[in-house]
Amino acid sequence: MNTLSTPVFCGLLLRRQLVLGLRKPIEIGNPLLFFAMVIALFPLGLGPAPDTLAVFAPGILWIVALLSNLLSSDGVFRSDFEDGSLEQLLLAPQPLYFSALAYVLAQWLLTGFLLALLSPLFAVMLGLDAAAIPALAASLLLGTGVLSLVGGIGAALTVGLQRGGMLISLLILPFYMPVLIFGSGAVQAALAGASAAPYLAILGAMLCMAVALAPAAIAAGLRISVDA
Amino acid sequence: MNTLSTPVFCGLLLRRQLVLGLRKPIEIGNPLLFFAMVIALFPLGLGPAPDTLAVFAPGILWIVALLSNLLSSDGVFRSDFEDGSLEQLLLAPQPLYFSALAYVLAQWLLTGFLLALLSPLFAVMLGLDAAAIPALAASLLLGTGVLSLVGGIGAALTVGLQRGGMLISLLILPFYMPVLIFGSGAVQAALAGASAAPYLAILGAMLCMAVALAPAAIAAGLRISVDA
Amino acid sequence: MLEADDLALERGGRQLFSAISLRVNAGELVQIEGANGAGKTSLLRILAGLSRYGFSGQVRRRAPQLFLGHHSAVKGLLTPRENLAWHVSGEAGNSGAEIDQALAAVGLYGYEDVPSHTLSAGQHRRVNLARLYLSRAPLWLLDEPFTAIDRVGVTALETRLAEHLGEGGAVLLTSHQTVAVPHPLRSLDLATGLLT
Amino acid sequence: MLEADDLALERGGRQLFSAISLRVNAGELVQIEGANGAGKTSLLRILAGLSRYGFSGQVRRRAPQLFLGHHSAVKGLLTPRENLAWHVSGEAGNSGAEIDQALAAVGLYGYEDVPSHTLSAGQHRRVNLARLYLSRAPLWLLDEPFTAIDRVGVTALETRLAEHLGEGGAVLLTSHQTVAVPHPLRSLDLATGLLT
Amino acid sequence: MYFESLSAVLQMDGHGGFVWSAYLITLVVIVYILYAPRRREQRFLRQLRGQIRRNSGAAAPVREES
Amino acid sequence: MWSFFHKLGSPPWLYRISGSILRWLLPLTLLALVAGSVWGLLFTAPDFRQGNSYRIIYIHVPAAVVALAGYYVMAIAGAVSLIWRMKMADIAMRACAPIGAALTFVALVTGSIWGKPTWGTWWVWDARITSMLILLFLYLGVVALYEAYENKALAAKACAVLSLVGTVNIPIIYKSVDWWYSLHQPASIKFTGGSTIDPSMLYPLLFMIVTFYALFTCSLLLNMRAEILQREARTGWVRRLAGEREPG
Ligand code: HEM
Ligand SMILES: Nc1ncnc2c1ncn2[C@@H]1O[C@H](COP(=O)(O)OP(=O)(O)OP(=O)(O)O)[C@@H](O)[C@H]1O
Ligand SMILES: Nc1ncnc2c1ncn2[C@@H]1O[C@H](COP(=O)(O)OP(=O)(O)OP(=O)(O)O)[C@@H](O)[C@H]1O
Ligand SMILES: [Mg+2]
Ligand SMILES: [Mg+2]
Numbered sequence: 001m002n003t004l005s006t007p008v009f010c011g012l013l014l015r016r017q018l019v020l021g022l023r024k025p026i027e028i029g030n031p032l033l034f035f036a037m038v039i040a041l042f043p044l045g046l047g048p049a050p051d052t053l054a055v056f057a058p059g060i061l062w063i064v065a066l067l068s069n070l071l072s073s074d075g076v077f078r079s080d081f082e083d084g085s086l087e088q089l090l091l092a093p094q095p096l097y098f099s100a101l102a103y104v105l106a107q108w109l110l111t112g113f114l115l116a117l118l119s120p121l122f123a124v125m126l127g128l129d130a131a132a133i134p135a136l137a138a139s140l141l142l143g144t145g146v147l148s149l150v151g152g153i154g155a156a157l158t159v160g161l162q163r164g165g166m167l168i169s170l171l172i173l174p175f176y177m178p179v180l181i182f183g184s185g186a187v188q189a190a191l192a193g194a195s196a197a198p199y200l201a202i203l204g205a206m207l208c209m210a211v212a213l214a215p216a217a218i219a220a221g222l223r224i225s226v227d228a
Numbered sequence: 001m002n003t004l005s006t007p008v009f010c011g012l013l014l015r016r017q018l019v020l021g022l023r024k025p026i027e028i029g030n031p032l033l034f035f036a037m038v039i040a041l042f043p044l045g046l047g048p049a050p051d052t053l054a055v056f057a058p059g060i061l062w063i064v065a066l067l068s069n070l071l072s073s074d075g076v077f078r079s080d081f082e083d084g085s086l087e088q089l090l091l092a093p094q095p096l097y098f099s100a101l102a103y104v105l106a107q108w109l110l111t112g113f114l115l116a117l118l119s120p121l122f123a124v125m126l127g128l129d130a131a132a133i134p135a136l137a138a139s140l141l142l143g144t145g146v147l148s149l150v151g152g153i154g155a156a157l158t159v160g161l162q163r164g165g166m167l168i169s170l171l172i173l174p175f176y177m178p179v180l181i182f183g184s185g186a187v188q189a190a191l192a193g194a195s196a197a198p199y200l201a202i203l204g205a206m207l208c209m210a211v212a213l214a215p216a217a218i219a220a221g222l223r224i225s226v227d228a
Numbered sequence: 001m002l003e004a005d006d007l008a009l010e011r012g013g014r015q016l017f018s019a020i021s022l023r024v025n026a027g028e029l030v031q032i033e034g035a036n037g038a039g040k041t042s043l044l045r046i047l048a049g050l051s052r053y054g055f056s057g058q059v060r061r062r063a064p065q066l067f068l069g070h071h072s073a074v075k076g077l078l079t080p081r082e083n084l085a086w087h088v089s090g091e092a093g094n095s096g097a098e099i100d101q102a103l104a105a106v107g108l109y110g111y112e113d114v115p116s117h118t119l120s121a122g123q124h125r126r127v128n129l130a131r132l133y134l135s136r137a138p139l140w141l142l143d144e145p146f147t148a149i150d151r152v153g154v155t156a157l158e159t160r161l162a163e164h165l166g167e168g169g170a171v172l173l174t175s176h177q178t179v180a181v182p183h184p185l186r187s188l189d190l191a192t193g194l195l196t
Numbered sequence: 001m002l003e004a005d006d007l008a009l010e011r012g013g014r015q016l017f018s019a020i021s022l023r024v025n026a027g028e029l030v031q032i033e034g035a036n037g038a039g040k041t042s043l044l045r046i047l048a049g050l051s052r053y054g055f056s057g058q059v060r061r062r063a064p065q066l067f068l069g070h071h072s073a074v075k076g077l078l079t080p081r082e083n084l085a086w087h088v089s090g091e092a093g094n095s096g097a098e099i100d101q102a103l104a105a106v107g108l109y110g111y112e113d114v115p116s117h118t119l120s121a122g123q124h125r126r127v128n129l130a131r132l133y134l135s136r137a138p139l140w141l142l143d144e145p146f147t148a149i150d151r152v153g154v155t156a157l158e159t160r161l162a163e164h165l166g167e168g169g170a171v172l173l174t175s176h177q178t179v180a181v182p183h184p185l186r187s188l189d190l191a192t193g194l195l196t
Numbered sequence: 001m002y003f004e005s006l007s008a009v010l011q012m013d014g015h016g017g018f019v020w021s022a023y024l025i026t027l028v029v030i031v032y033i034l035y036a037p038r039r040r041e042q043r044f045l046r047q048l049r050g051q052i053r054r055n056s057g058a059a060a061p062v063r064e065e066s
Numbered sequence: 001m002w003s004f005f006h007k008l009g010s011p012p013w014l015y016r017i018s019g020s021i022l023r024w025l026l027p028l029t030l031l032a033l034v035a036g037s038v039w040g041l042l043f044t045a046p047d048f049r050q051g052n053s054y055r056i057i058y059i060h061v062p063a064a065v066v067a068l069a070g071y072y073v074m075a076i077a078g079a080v081s082l083i084w085r086m087k088m089a090d091i092a093m094r095a096c097a098p099i100g101a102a103l104t105f106v107a108l109v110t111g112s113i114w115g116k117p118t119w120g121t122w123w124v125w126d127a128r129i130t131s132m133l134i135l136l137f138l139y140l141g142v143v144a145l146y147e148a149y150e151n152k153a154l155a156a157k158a159c160a161v162l163s164l165v166g167t168v169n170i171p172i173i174y175k176s177v178d179w180w181y182s183l184h185q186p187a188s189i190k191f192t193g194g195s196t197i198d199p200s201m202l203y204p205l206l207f208m209i210v211t212f213y214a215l216f217t218c219s220l221l222l223n224m225r226a227e228i229l230q231r232e233a234r235t236g237w238v239r240r241l242a243g244e245r246e247p248g
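Chains R, P, A, B, Y and F, in that order, are what the protein sequence lines are. Each residue of the first sequence is one higher than the one before, counting from 1 in the UniProt record's numbering. Each residue of the second sequence is one higher than the one before, counting from 1 in the UniProt record's numbering. Each residue of the third sequence is one higher than the one before, counting from 1 in the UniProt record's numbering. Each residue of the fourth sequence is one higher than the one before, counting from 1 in the UniProt record's numbering. Each residue of the fifth sequence is one higher than the one before, counting from 1 in the UniProt record's numbering. Each residue of the sixth sequence is one higher than the one before, counting from 1 in the UniProt record's numbering.
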């Protein structure tokens, strides 16, 4: 049997997912444009007073990050479920735990990571104090990782259902809430001149836990979904 | 030929779409729960202070309405495209204009309309002044109709693409923005003690225009998508 | 019922077919033949009016038609009965009894009320094929109607086709299998464009 | 290579099959037969290990297997070459030349680098069937491999099956068509549970 | 007994509406969580009896289990 | 010990034993509910600050306490069902979710009604209230997931995974919401804290908490009985049972 070693296999999976996400060059721009537009909605909706916007910028940026994660989590496994790729993945000799991690990593690179990289730009758009920008980027980097992992659990549990779309939000939004609290807390602390380190440490701990546990839950969810 | 009359046919289409959205009684609760959760994100992200929340309530409710519309617009035609139903719809002898209207109406009933109905509850939770609640509900009722119609155009144009998900947001968000401005403007006017009527009149005019023009654009978009 | 003149199509830089002329008359079955990727589905979609750009030639449709494509147009969340009663093709208005009869005719008796996504692959396609028992369109355009259908089902389908032809209908279909009907059967070879 | 004892399955309130026992040995082809909805796919998924709840009986898998189901597991956005090179089945690691050879063997020479969603229905399935030329798993579980394949393609596939059986492999397949291979061919009738 | 009269009980110094509506809503929910499973059980048994009667001719597959 | 576990896994035994438990527990619970309510509503003195509106405490707090405990019962049942594949654990887990959701709903609604006379507002984003709202979401998520699966055996597995994930997360959610609230420190509203409660109010409260636990148990058993029958519909004992209960 010409079985691939697990790291090589996961590398190929990651590449596959990234290529699928970015088949056309124009698509790298789409998520970013999407963030920019959604963030632009807030001044329009809340009123453009610069000082209030700046105060609420951490919350706004975090809520948008969370929603965009919610949006893209739903699709992580869906097309693979529908075209039979997921069956093949379950039958693969490599442990599903690591394959699940590769899927989530790809999704994170295309959403959370990109957003974290570009968050300084959006922060400036909302008038956030420059002192808080490193905390913002760091909290997004750590926090969106947790979001993607938790979102993966929801996606795995609902992918086999005929109507998963709304359900996944119901399942995972409660689990997103602590991340939102600590994430926007970190930025608010930095804004207030305090250290963001404790918040980032908590986000880091949550990420470690999520990396360790979520793939197992995702794997269990996928097996259940394919069975249905 | 046993062809159905257009109104009967559109009624059946509407029923089909509603049944697909709400196969089980429990599913009526899903969109409502979703709204409640997304609205709960805002206090968590922005902080629980009742006075700031009350000030931002119109904007928050309107942004949630807009995002939930954006989320669900993408799916209006997708499953019908993938399983071949859309081809059959195009071949149907009834005018596509009215069929498109039926699709959009079903989507609106399940998102915008429900949200408008429940908006008083959420408004109370966010501490919005009771005086502004009628203006909120009315503006949502009119405005989400425009959103659904415009969203339908985006959905029709992108449904045939392999990766439409993010593209649709880019296409339609710019068109959503005027609705957001007048919608939250209506509530803010009511909050400030002024009359919301001018804003509502503008939203009503936009709705009339959208009802007249959008279905034609949707029909054209669907023909192009099925051809590809 | 259907006339096409000098159809030609190029896709992905390849000339799929050219100089295809075709006349389908009442009581006649035309089978389009060709290897995988020859362009059978593409031709059928042009004839049905679903593809409107990118080909050359004329198509004249003189009768209402029923098109069944590669995709089954069956909604998994709806039951077979609902799928047929509220079909988006607009050519419905059948009574419940007629629908049940049609479902029984395609071997789905007892499955009228289960969600369609629990059906097997062949049963799923049969839901769509039940429309052949409900439609009153004289011209049928069928893209591989026998896919995933078992032998008994294929025979039943052939019987239905023969019946339709006997009633003055016409059928244009693609299939990789030979179709056995006691009626004039012509076949169109896409590679050469010859109708025999 | 595969042993199953006393399998029984009930779905949707119906007993699909019961008391199915089965032993697939090297060099042997077993065809599962039954009408639409008889439970062929369900049985194959149990044997492959994809269904783990809701049936009774034992399955012992003694050799690596290749499972091709109803769904093609081909990504429309990837080219056929990419689809095979990065296949999620984990059993990859073939060189580019091997993949091109396999694609040529299923008649996709010249289509290696077009996006798979532009392929015709049969070509789409052929991309997946190319895995039969790449895999080294001794046991193949194939669910209706001939669907949407033209006649020439079916013959080529039968040749490949014969080759695999000759090399000591084993094949378990479902099909509504008769399979012609110069090897011991047994068929399992789901309705009666008899292996002949 | 803390209250002197029935009307005092109902009014509770102006808070009666709040208190009694809270208790009423709770009562409704309690009745629901006790009654719903009972009704489900009864309805199921009725269905099953009908099914048994319908199939009484044909031998229904019965699985004996501990 | 093992034979007890074995019996616990046996549907007919559980069906029988739950029937005999319910025969005395259910009337007792109903009686206690009435007695506790009368005690709380009529026989205690009003709070010196809040007046009579505080009488809502006798349903508000028990509902909240039991709703929270219910989640852990559900998660433990879920773990048992995943690890030991015990059918009855599945059934218990599935039964917990709607009851827990109902009790959480009661806590929120009664709290909201209490808040109007006390704080002058129906709703505040207080830490405890917010985390209870999240608990309602968690319960409803489990209910919705269960309903969404066609195959109920798989639905139970999926819900078990979800409730386990929830168990890991509930402490995090609680801590984070506490933190969030203390971070923002809104000055306008304050809880008094439970320490000041008078014994004459405490005893009926404790009594009602115990009663709500009994209520939870009753509803759980009733739900499990209905579920057992449905899952075992094809077995002989259920069919015999249906025959026995034949009216007339
Ligand atoms: C809409 C939601 C709620 C409102 C408006 C509300 C309101 C109140 C009020 C006014 C009190 C009396 C506080 C005082 O003595 O000054 C109270 C007490 C209490 N509430 Fe709530 N509540 C709500 C939800 C909850 C929830 C969800 C929980 C459970 C976690 C809860 C647990 C308690 C407890 C344990 C007490 C008694 C202890 C104490 O006096 O502090 N409440 N609530
Ligand atoms: N969107 C497209 N873009 C480019 N080429 C396309 C597209 N759709 C189809 N083609 C090409 O057109 C050819 C004919 O496809 P078609 O589906 O008509 O074949 P077919 O004869 O129906 O084959 P099959 O027997 O496999 O169903 C294929 O080779 C395919 O590559
Ligand atoms: N999720 C499900 N829930 C309930 N019943 C199901 C489910 N999936 C399949 N079935 C039933 O099981 C039966 C067998 O399905 P299966 O797909 O195994 O049939 P098959 O023999 O492969 O048929 P085909 O030849 O059409 O592919 C069908 O009658 C179907 O109704
Ligand atoms: Mg074709
Ligand atoms: Mg099958």
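Treat the hints as calculated values from the structure; they're not laboratory data. As the structure is a computational prediction, the values presented were derived from the model and not from experiment. Backbone N, C-alpha and C fix where the C-beta goes; we use that ideal spot for every residue, glycine too. Treat each hint with caution, since some may be false.
Estimated spans, in silico, between C-beta atoms of each pair [to be verified]: (1) Y:Gly50 <-> F:Ser182: 53 to 63 Å; (2) A:Ala180 <-> R:Gly29: 48 to 58 Å; (3) P:Ser5 <-> B:Val152: 41 to 51 Å; (4) Y:Val28 <-> F:Arg128: 21 to 31 Å; (5) P:Ile224 <-> B:Thr159: 52 to 62 Å; (6) A:Asp6 <-> B:Val152: 26 to 36 Å; (7) F:Leu31 <-> P:Ala194: 57 to 67 Å; (8) B:Thr159 <-> Y:Gln47: 53 to 63 Å; (9) F:Ile83 <-> B:Ser18: 38 to 48 Å; (10) P:Ala54 <-> F:Gly51: 32 to 42 Å; (11) R:Asp51 <-> F:Ile83: 28 to 38 Å.
Now for the hints, and whether the structure bears them out:
Distance hint check: the CB atoms of Gly50 (chain Y) and Ser182 (chain F) are about 60 Å apart, consistent with the given range 53 to 63 Å. Checking the proposed 48 to 58 Å range against Ala180 (chain A) and Gly29 (chain R) shows it holds: the Cβ atoms sit about 56 Å from each other. At about 49 Å, the beta-carbon gap between Ser5 (chain P) and Val152 (chain B) stays in the expected band of 41 to 51 Å. In this structure, Val28 (chain Y) and Arg128 (chain F) meet the distance hint of 21 to 31 Å, their C-beta atoms being roughly 24 Å apart.
The given range of 52 to 62 Å is broken by Ile224 (chain P) and Thr159 (chain B), whose C-beta atoms sit roughly 43 Å from each other. Distance hint check for Asp6 (chain A) and Val152 (chain B): the Cβ-Cβ separation is about 28 Å, which falls inside the suggested range of 26 to 36 Å. The supplied range of 57 to 67 Å is met by Leu31 (chain F) and Ala194 (chain P), whose beta-carbon atoms lie about 58 Å from each other. Judged by the Cβ atoms, the range 53 to 63 Å given for Thr159 (chain B) and Gln47 (chain Y) holds: they are separated by roughly 55 Å.
In this structure the supplied range 38 to 48 Å is violated for Ile83 (chain F) paired with Ser18 (chain B), their Cβ-Cβ distance being about 30 Å. Separation of Ala54 (chain P) from Gly51 (chain F) is about 27 Å and departs from the stated range, judged on CB atoms against 32 to 42 Å. For Asp51 (chain R) paired with Ile83 (chain F), a C-beta distance near 55 Å fails the hint of 28 to 38 Å.
Going through the hint list in order, the structure does not satisfy hints 5, 9, 10, 11.
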